[in-house]
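Residue-level listing of the chains:
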Amino acid sequence: MAGEPLVQLKNLSKTIGDKNIIKELDLTLNTGEITGFLGPNGAGKTTTIRMMTGLMRPSAGDVVIGGKSIQADYEEAIAQVGVIVENPEMYKYMTGYKNLLHFSRMHPGVRKERIDEVVRQVGLQNRIQEKVKSYSLGMRQRLGLAQALLHNPKFLILDEPTNGLDPAGIREFRLYLRKIAAENNVAVFVSSHLLSEIELLCDRIAVIQNGELIDIKDMHSLQKSQYLIVAEPAEQAGEVLKGIGFPVEAHEKGWIITTEAEHIPGAAKLLVGAGLSLYTIQPYRTTLEDQFLEMTGGGQIAEARAK
Amino acid sequence: MLKLVQNEWMKLWSKRSTWIMVLLLVLIISAGIGIMKWTHKTQNIGIEEDWEQIVMNELQFNESQLLNPELSEVQLAYYEGLVEIGRYRLAEDVPPFEPDSMQQQILNSYTMLSLVTLFTVIAAAGIVAAEFSQGTIKMLLTRPVSRWKILTSKYLAVLLFGLLLIVITVAASAAAGFFFLGIGEGQFLAWNGSEVVEASFWSESLRMVGLSSVSVLMITTFAFMIGTVFRSSSLAIGLSIFLLFAGTQVVFLLADFEIVKYYLFTHIDLTQFYTGFMPVPDITLALSVTVLIAYFLVFLIISYWTFSRRDTTA
Chain G
0 MAGEPLVQLK NLSKTIGDKN IIKELDLTLN TGEITGFLGP NGAGKTTTIR
50 MMTGLMRPSA GDVVIGGKSI QADYEEAIAQ VGVIVENPEM YKYMTGYKNL
100 LHFSRMHPGV RKERIDEVVR QVGLQNRIQE KVKSYSLGMR QRLGLAQALL
150 HNPKFLILDE PTNGLDPAGI REFRLYLRKI AAENNVAVFV SSHLLSEIEL
200 LCDRIAVIQN GELIDIKDMH SLQKSQYLIV AEPAEQAGEV LKGIGFPVEA
250 HEKGWIITTE AEHIPGAAKL LVGAGLSLYT IQPYRTTLED QFLEMTGGGQ
300 IAEARAK
Chain B
0 MLKLVQNEWM KLWSKRSTWI MVLLLVLIIS AGIGIMKWTH KTQNIGIEED
50 WEQIVMNELQ FNESQLLNPE LSEVQLAYYE GLVEIGRYRL AEDVPPFEPD
100 SMQQQILNSY TMLSLVTLFT VIAAAGIVAA EFSQGTIKML LTRPVSRWKI
150 LTSKYLAVLL FGLLLIVITV AASAAAGFFF LGIGEGQFLA WNGSEVVEAS
200 FWSESLRMVG LSSVSVLMIT TFAFMIGTVF RSSSLAIGLS IFLLFAGTQV
250 VFLLADFEIV KYYLFTHIDL TQFYTGFMPV PDITLALSVT VLIAYFLVFL
300 IISYWTFSRR DTTA
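Residue numbers (numbering that gives the first Met the number 0), protein chains in the order written: chain G, 0 to 306; chain B, 0 to 313.
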């Protein structure tokens, strides 16, 4: 799944006044991989993304994209990047097509045929000659995607991309991103605070808090195989499960055991054999939300105030 | 760079306000000439008087000016030219253009450039600031184009727009003059320092328009700077228009102090060297040009420095 390293954040820092907004971030992003960028509000997500897109100058450190430093070789580094910012702001008084024409002129080698191709890809061909002010949010989002894809970027940066999209729109957007990441071997970096969204979309997540990278996790190894078992009487069920040798945790409804699927039929037989009434055996998942709150300690606002 | 200017040009003309400005410019100029013709006709101005009487009156006034001890050398030379031309007209029987003629309207067209200043300032103030207020600046700056190129393309687009409006002003004056007044009798005369010669009114018109354009350029560049630094088009428009009117008044307040010689608005109207109206008489064209270039460079350096240095947080 993981491709080659394409983007490196090296010791990236930003100081505004005497405040360290971003503290020495180190992160590598690979081709073909979607990385989620999570963090509570004010953690520094937007500042990091602005430094990665050249909108802000790092106070120290560097962002290297495909071997080019964003500080030293800005044009060559940024030429490989497609950016979608929160609610892509387009020139509302121009048609969708003119907006794309406008941005295509800023990338060397993007031809008119490519504009038509991208328009078809995002499914805007029927409305592209209308002014952007007549577009719905979903259509603006698609146009935003189209402008980011015009120059076939190797690296896509998305800042809160699904803000304001309806569930169908979010699903479509997610499937589309997965497709281009896999087919075009693009590295994708998505910042969001919609945890459920990140959970479905990303291969791995990087968590930032108070300007520091506190965790990088692979989403596929994140989930332990756990089962919730509800049986009566509960005390006795717990005894039986412990007796079998599973790691057992108490849950408000029953017990949670950590084990692989093949051990479940045996466990069921033993519970029934012991004369217990077995109500439920179901896979148990901790949501990303639980894990996220665990990682960031939940009370980030209180913490930020205390600083 | 050409593609970037093309982009700015496309954005400019995609806004309805740009077309309205052009329309207004043409309308105001044509209406001005139309109304002038109508009032002259209803009040019988300029129809009964013969040109010799008018030239005689002007000549007397100009001769009296030559005796004015407060005039500077530049002004004396100017009135001397007028006196020589007036005497030549009477002696050789060469009438000037009638006031109600296309030629005279073209000669006067440079006075309409304050309208061009107003409209170009509006374009210049918004061309950077609007990208920030619309939020499109993030789209614009995350491209493989360095910031100074983007700013240059915007500045060039504004200059082109100003140039176009100037051409429209002269063309509209000529068209409305031809339509309402027609081609008049007369001959344009110039004083070359030693003798009176027949000259083309076109070259004189172009010279005055060219000199007035310097003022358009300076105010526009100022508005461009304010719009770039403060990212607010209303502030840039307000401040520039305010300065355009108040700036010249301040010249009179400062007239007794040495500092007036380094003040922008003392020099901004270069036509003063050819119309004799000089608020500070003892300046020269060379000094004016030097001061103007200095201000111009400062405006541009501030614009480029802030635009390429500052973090984009909009």
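Note that these hints are calculated values from the structure, not bench results. Note that the structure is a prediction, hence the values are computed from the model and not measured. Built from N, CA and C at the ideal position, the CB exists for glycine as well. Some hints could be false.
[Said to hold, decoys possible] Distance windows between CB atoms, simulated:
(1) G/GLY16 x B/TRP147: 24 to 32 Å
(2) G/LEU136 x B/TRP201: 42 to 50 Å
(3) G/ALA59 x B/LEU296: 31 to 39 Å
[Claimed, not checked] Derived SDA-like pairs: lysine to any residue, alpha-carbon spacing no greater than 25 Å straight-line:
(4) G/LYS111 x B/MET0
(5) G/LYS111 x B/TRP8
(6) G/LYS9 x B/SER145
(7) G/LYS97 x G/GLY122
(8) G/LYS132 x B/SER233
(9) G/LYS97 x B/LEU159
(10) G/LYS153 x G/ARG110
(11) B/LYS2 x G/GLU88
Hint check results:
1. Between G/GLY16 and B/TRP147 the CB atoms are about 27 Å apart, so this pair conforms to the stated range of 24 to 32 Å.
2. Checked against the hint of 42 to 50 Å, the pair G/LEU136 and B/TRP201 fails, with Cβ atoms roughly 56 Å apart.
3. Between G/ALA59 and B/LEU296 the Cβ separation comes to about 34 Å, which falls inside the hinted range of 31 to 39 Å.
4. Of the pairs offered as hints, the one joining G/LYS111 and B/MET0 holds, with about 19 Å between alpha carbons and a cut-off of 25 Å not exceeded.
5. With a C-alpha separation of about 19 Å, the suggested pair G/LYS111 and B/TRP8 falls inside the 25 Å cut-off, and the hint holds.
6. For a cut-off of 25 Å, the pair hint linking G/LYS9 to B/SER145 stands: about 23 Å separates their Cα positions.
7. Distance check on the hinted pair: G/LYS97 and G/GLY122 sit about 17 Å apart at the alpha-carbon level, within 25 Å; holds.
8. Between G/LYS132 and B/SER233 the alpha-carbon distance is near 23 Å, which keeps this suggested pair within the 25 Å criterion.
9. With a C-alpha separation of about 21 Å, the suggested pairing of G/LYS97 with B/LEU159 holds against the 25 Å cut-off.
10. Restraint check for G/LYS153 and G/ARG110: the C-alpha separation of about 18 Å stays at or below 25 Å, so the hint holds.
11. Taken as a hint, the B/LYS2 and G/GLU88 pair is honoured in the structure, with Cα atoms around 21 Å apart against an allowance of 25 Å.
Of the hints listed earlier, the one the structure fails to meet is number 2.
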